[in-house]
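Given only the sequences and the hints, what does the whole structure look like? Please build it.
There are 6 protein chains.
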Amino acid sequence: DFIYSLENDVKPALGSSDEVLEKFIERGIINWGATKELLEKGMMFVKQARSPETSNRLCLLIEGAPTAGTSALAAYLSKNSDFPFTKVINSREMVGFTEASKCLKINRLFDDAYRSELSCIFMNDLEQLMGYSPIGPRYQSLVLDAMYSLLSSSPPKGRKLMVICTSKRRSVLEELGLLSVFTAVIRVPFIARVEDVQMVLEESGAMSSDEIDAVVRHLSHGRIFVGVKKLLGLLDTMRVMKGVDSRKRVAAFTNLLEDEGIFVPEL
Amino acid sequence: DFIYSLENDVKPALGSSDEVLEKFIERGIINWGATKELLEKGMMFVKQARSPETSNRLCLLIEGAPTAGTSALAAYLSKNSDFPFTKVINSREMVGFTEASKCLKINRLFDDAYRSELSCIFMNDLEQLMGYSPIGPRYQSLVLDAMYSLLSSSPPKGRKLMVICTSKRRSVLEELGLLSVFTAVIRVPFIARVEDVQMVLEESGAMSSDEIDAVVRHLSHGRIFVGVKKLLGLLDTMRVMKGVDSRKRVAAFTNLLEDEGIFVPEL
Amino acid sequence: DFIYSLENDVKPALGSSDEVLEKFIERGIINWGATKELLEKGMMFVKQARSPETSNRLCLLIEGAPTAGTSALAAYLSKNSDFPFTKVINSREMVGFTEASKCLKINRLFDDAYRSELSCIFMNDLEQLMGYSPIGPRYQSLVLDAMYSLLSSSPPKGRKLMVICTSKRRSVLEELGLLSVFTAVIRVPFIARVEDVQMVLEESGAMSSDEIDAVVRHLSHGRIFVGVKKLLGLLDTMRVMKGVDSRKRVAAFTNLLEDEGIFVPEL
Amino acid sequence: DFIYSLENDVKPALGSSDEVLEKFIERGIINWGATKELLEKGMMFVKQARSPETSNRLCLLIEGAPTAGTSALAAYLSKNSDFPFTKVINSREMVGFTEASKCLKINRLFDDAYRSELSCIFMNDLEQLMGYSPIGPRYQSLVLDAMYSLLSSSPPKGRKLMVICTSKRRSVLEELGLLSVFTAVIRVPFIARVEDVQMVLEESGAMSSDEIDAVVRHLSHGRIFVGVKKLLGLLDTMRVMKGVDSRKRVAAFTNLLEDEGIFVPEL
Amino acid sequence: DFIYSLENDVKPALGSSDEVLEKFIERGIINWGATKELLEKGMMFVKQARSPETSNRLCLLIEGAPTAGTSALAAYLSKNSDFPFTKVINSREMVGFTEASKCLKINRLFDDAYRSELSCIFMNDLEQLMGYSPIGPRYQSLVLDAMYSLLSSSPPKGRKLMVICTSKRRSVLEELGLLSVFTAVIRVPFIARVEDVQMVLEESGAMSSDEIDAVVRHLSHGRIFVGVKKLLGLLDTMRVMKGVDSRKRVAAFTNLLEDEGIFVPEL
Amino acid sequence: DFIYSLENDVKPALGSSDEVLEKFIERGIINWGATKELLEKGMMFVKQARSPETSNRLCLLIEGAPTAGTSALAAYLSKNSDFPFTKVINSREMVGFTEASKCLKINRLFDDAYRSELSCIFMNDLEQLMGYSPIGPRYQSLVLDAMYSLLSSSPPKGRKLMVICTSKRRSVLEELGLLSVFTAVIRVPFIARVEDVQMVLEESGAMSSDEIDAVVRHLSHGRIFVGVKKLLGLLDTMRVMKGVDSRKRVAAFTNLLEDEGIFVPEL
Ligand SMILES: Nc1ncnc2c1ncn2[C@@H]1O[C@H](COP(=O)(O)OP(=O)(O)OP(=O)(O)O)[C@@H](O)[C@H]1O
Ligand SMILES: Nc1ncnc2c1ncn2[C@@H]1O[C@H](COP(=O)(O)OP(=O)(O)OP(=O)(O)O)[C@@H](O)[C@H]1O
Ligand SMILES: Nc1ncnc2c1ncn2[C@@H]1O[C@H](COP(=O)(O)OP(=O)(O)OP(=O)(O)O)[C@@H](O)[C@H]1O
Ligand SMILES: Nc1ncnc2c1ncn2[C@@H]1O[C@H](COP(=O)(O)OP(=O)(O)OP(=O)(O)O)[C@@H](O)[C@H]1O
Ligand SMILES: Nc1ncnc2c1ncn2[C@@H]1O[C@H](COP(=O)(O)OP(=O)(O)OP(=O)(O)O)[C@@H](O)[C@H]1O
Ligand SMILES: Nc1ncnc2c1ncn2[C@@H]1O[C@H](COP(=O)(O)OP(=O)(O)OP(=O)(O)O)[C@@H](O)[C@H]1O
Ligand SMILES: [Mg+2]
Ligand SMILES: [Mg+2]
Ligand SMILES: [Mg+2]
Ligand SMILES: [Mg+2]
Ligand SMILES: [Mg+2]
Ligand SMILES: [Mg+2]
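Residue numbers (my numbering), protein chains in the order written: chain X, 1 to 267; chain R, 1 to 267; chain H, 1 to 267; chain S, 1 to 267; chain Z, 1 to 267; chain B, 1 to 267.
Be careful, since some hints might not be right.
One copy or two, it doesn't matter: identical chains are merged, so the pair holds either way.
As the list claims (entries may be wrong) - Calculated cross-link-like contacts (lysine-lysine; reagent style DSBU-like; alpha-carbon spacing at most 35 angstroms):
id : residue 1 : residue 2
1  : K36       : K242
2  : K41       : K105
3  : K168      : K36
4  : K105      : K168
5  : K23       : K105
6  : K105      : K248
7  : K47       : K105
8  : K242      : K105
9  : K229      : K157
10 : K168      : K157
11 : K23       : K248
12 : K242      : K157
13 : K229      : K168
14 : K47       : K242
Just so you know, the hints here were simulated from the structure itself, not pulled from any lab data.
In structure tokens:
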């Protein structure tokens, strides 16, 4: 069952960035195994960020391997925090920026946030925002410094700030000394149980229930390990194989899972 | 038999870049062993990119060793996708550009693509566009960041975007974290069977059938391994050896194959 | 018992930066085990810096692991030095600055300080001010040079200057040759005794005394190791779990301590 | 016997760069052992580049150790290609250029070449044009990128382009991924046989035939290994030792060869 | 006994920089063991620099570990050279300078010096002036080049130039090829004998003679190793412990020496 | 006996740089062991450079360890070449120059030289001109490229160019690929025989013949190894020890030689 589906979106209040956030939740939030618990934990921190009794700065990191679904979950939390000021820091808008102009833009956004009593900033792929790349390794020191300064310093008295970030490389953030600025870290796991695959297949609507049963039977003899985004992407291939015979579709799909190294059959 | 030959080219619709694409298919597409299957797989993803039921962003990587023919195949797919908006990102047009102006140009092209309902962007030699070179190693971080942002972010609602890239260094893209933005990866192999060499020789028209028979007999006692582009290039030498005696021509050609390390005779 | 609590703050004299300093002491100074001795030692150096018989330059380094509470203690000392001129060098105000403008700003602040007879400069996270990051490693050489020059040269005749810095990476400062400019170094330890945890829990007011007793009982069978800032941060989670049953709250808190690796129960 | 001597130079047609090319052939082309075969091979590729049946882009690399004579041979081929448009890319004209202006200049030259139906571009010391130096190692990435783009992309339809380059470091070009853009590579060897030394001595006119006989007798008991340019350079020393006794001249010359490590006598 | 004490300073002649030099000799020159010999050796070189019979360029390097007292001794020599033109190159005045402006400033100072018949230039912490830092390692190549050029080239005919430099990292200067430009190198040792500690304590006036006797008795059972600057710094702590009981003061001081690793008691 | 002494200098013809050259020969050329042979060899190359029968470009490298006397010998050759155009490339004049302006200046000087029929360019410390430093290692690529281009390309027809360079790091030039541009390399040795020391002492006039005899007697029981410049420098110390007793002077001098590691007595 869907926790969030694209249909029931309402247009956002002034200053928020709901449309951008929704682009991260392209296929809704399917409620497979780990999802509910993660979202509850996340919403607890949203509540803590709002509370007048707590520190007035809360930084939350949602991290996981590529395609695990971190961006969608983080966007979901940001959207549902219902903070009057919600802004997204978007690398797409800063293509080709120098380090200095990147810093300027991000800095200005934090200054804007400080003007609101309750504000939420969403930063997707934190290490990518800092131009991190493992060959070298390289990253933009000026942006790293800016991040550190901005994430670790408290908003002015009477203002509360929540920052939600995602990352694919937790260990890099740790090495850079950025991990200690986060109040909490939530790890998004891969799908590793057949039941969870089944639920995703069902909710996606890309295969018939007979087909799903066949797939599930096949998968029960081996090990599965995949991010929800990857799995949904492979189902797109099913969508264009419409007229085809069911048996062939099931075979095509399970072959795909094996070719991509997602499913390893038992020997 | 030729799948595509230069004769039957029709001038392109408004906004497309057919002429540039054709330069990549200088000698047509000869239908040797692997070709058909690769093109069918490719066209299936083109179909998936068009479909309204699938994700509105599809990135396809055509990769293979130098001279394998990746550029020609990718250009063929781009050309035959028949998308109303088709653009080529051409390193030749950006010689001497700073990283920033490169980003600007590429960014603008993506913005243009977003204006069309269905658009296709062709980028040849992705790692070279990012200035990658193994000594150092070096690459242009700003361009890498731009690529990541542009390839991984979805077009606006209601727009569909297909990006087709080629690469000679898949492992570098993987290390740079760029591989995970691709929906699918197609590997172009080298020619390794005598039958495939025979077909290329026949279609090229550079040698007589008697000569080809002699070459094929010679090659059957050893191992052959060559990219289609390299093989066609060596046949150019045959074209300028026109008046020469057939026996000499065959000897010259098989010697060439051995000198270049393409053919290793059995001991 | 609180050594310093936020209530009794008086507005500062002209030229001081008390408000900024207070932001570093968000939750007051709780007098757990090590605190008193550290503050006395610190105040002794403040006295030495004021004395007309001593060198007219005194640099004090307060160092410790992340969350140990170094910033709060250093800010406390700066605030209570009661020097007529007190200034804070704040990385938040220099986001995106080039190295040169950073140097300019810091240099100007020292020049200003030289105009006062007695002045105190507070610099939080010295290595971060120099853009230090362990990946590379990287740092801003120009700023390092500036720091060295400014910290090691004496103010003009008749002027006395005290500089209080904090650092999370003492060994880096040592390697950079900066440690020898400090007159003295004070190390802030982690909390490692149950009694100290108990005092912090009590002063924080986030749990009832019954709850605290239960926590303390639990912690007595194992090893605890945590910075005061981290511990106070975790108590925020307790504040939002208000209506909940006492037993659950205690369990939640001790679980949190174990999950974060702060408490390791005996085997 | 001389294949090419400086006397018979005719002034070049419009647009060509014969004078610059001739500076590379300061002492003509002496026809020692390997020379004829190399030049024939080279001229065959020139023919191939002209042929309307072949690819419209041909890149030829003439490579060899320092002083092997690569520049003279490549210049000879360029000059004798008799292409209506012939241009030399000269590092001497770009001393102190930034990478960007270097790229601009080279790019413009290729654009110019595209305007002619048949054009030839000569680039001496390719790796030096890219600022390659083994300490680091260093090279100018922008220029390397430009080279790759320019050498690998085809001229417009109906235009034919031949590029002749020399290199002292073939392995560097290979590592940089530049070797695969060349249609063919010709290696220029060192002189290693006494007969070849004899021919060079004879053609140079720096020693009498008696002296040459004596030198040759001496050299026959050992191993010789030298580039033609180096050998001709050493003969300059003979030219200034004019009045001297023949025996002394022979001794001086053979000593020189041994001192420079060119001749290793048998033990 | 004091060789130099701050009282007897006379205001300097035109063009000199006596005030800046005096700041380096904040606590005078105490005549402990090594001092006299070092100063005599130094003054001998000053005499040599003045002599019309010797080379017209003399560079003297005073080197030693941090706190050894190199700066004070070098400043003393510069001050007492009584050269009509004496200038100090001060890193404090060049905070935030680019390499180029640093070079400009230093260059100009040498040009100024060339105008005087006899001139002395004092450069404290040579490696720091060149922005040397061991992490990397890093240094400013332009400044290093400037230093080399300026220190190794002779002043115009009829002018005599003496340059006195200090350094904490002799081995770095050696590696950088700068050591060979110095006419002579004088090494300043640490204090390692109890008698020398005693003399410093006595001259400092920070402790009573009874206290000194007690300290000396304590120190005689172990090994001592400390720079004169460090030792004088620690005595500042005694100055603020005025009212305290003698026994406690002695204990405090010997503890301090042990804590700082300066005194290692015999086992 | 002196080959060249400062007395007999005549003012130079128009365009030459004799004054600068003379500064390199501050103490004349003392004719110790190796000197005469080196100068004859050098003058032979000067003759070769002038000869109309030889290549119109001749580059000579005078190399040796620091203080060997390379600069003086190279300057002597340049001065005595009596070329109508003689110019010195002086690092002292380019302090703080950017790489580009350095290249510009050097380039311009070569262009000037090309205007004269016979020209000589003197470049002291070639690797230092390129900003070479072993820590890194570092050097200025643009200047290296310029050097390579300028040294390896021939002057226009009818012009003859001689370039004389000195170097302290022959192996670096080799690694940078610069050694192969030199027509010849002359190595300047250290003084290693007592007779040679004796001659230098005698010519210097800094000690009486009795003193010299005593020194020589002492040195005959051990190994000596020193550059002529260093030796002459140490004799300056003798010049300021004028009034002193002979025995003491001899002892002081031999001690100095031992302290500096120049003389190692036999065991
Ligand atoms: N339970 C779920 N958790 C997360 N995403 C879900 C879930 N159910 C469905 N989705 C959909 O899966 C996709 C997850 O994509 P998302 O961009 O979050 O992945 P990611 O881990 O950030 O991938 P990337 O490695 O590209 O950054 C979204 O389209 C989202 O709508
Ligand atoms: N089946 C085929 N597949 C690919 N190319 C073919 C095929 N048949 C003929 N060709 C021709 O071979 C050439 C392949 O060149 P292409 O530029 O694609 O190779 P490449 O692998 O990209 O080489 P490079 O390493 O230079 O990038 C083209 O001229 C194309 O017209
Ligand atoms: N005894 C204490 N010592 C230090 N801080 C205390 C003490 N008691 C309470 N606090 C509170 O704990 C917090 C310590 O935070 P502080 O910023 O000093 O830690 P830090 O070690 O500098 O952390 P960071 O690693 O983020 O730099 C402050 O809010 C302060 O008010
Ligand atoms: N057979 C030959 N091949 C090449 N050069 C020859 C030959 N005979 C004579 N020469 C002369 O020898 C010289 C070769 O010099 P060239 O500059 O080509 O050498 P190179 O290998 O490029 O040297 P460098 O290492 O300096 O680049 C020219 O002056 C040329 O006129
Ligand atoms: N004999 C002495 N030699 C040197 N300095 C002395 C001596 N006696 C007293 N002093 C005092 O000791 C201090 C030495 O400080 P100085 O700055 O010279 O040390 P340093 O070795 O340069 O230290 P740093 O490592 O900070 O550069 C000065 O204040 C000086 O007045
Ligand atoms: N035979 C000689 N050869 C060289 N120099 C001599 C000779 N006799 C006397 N001199 C003198 O010795 C000095 C040599 O200094 P020079 O600058 O040439 O040495 P260098 O090897 O270049 O030293 P550096 O390492 O500083 O570059 C000059 O002053 C020169 O006048
Ligand atoms: Mg994501
Ligand atoms: Mg290609
Ligand atoms: Mg802190
Ligand atoms: Mg050459
Ligand atoms: Mg000092
Ligand atoms: Mg020299």
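- Non-conforming hints, listed in increasing numerical order: 6 and 8
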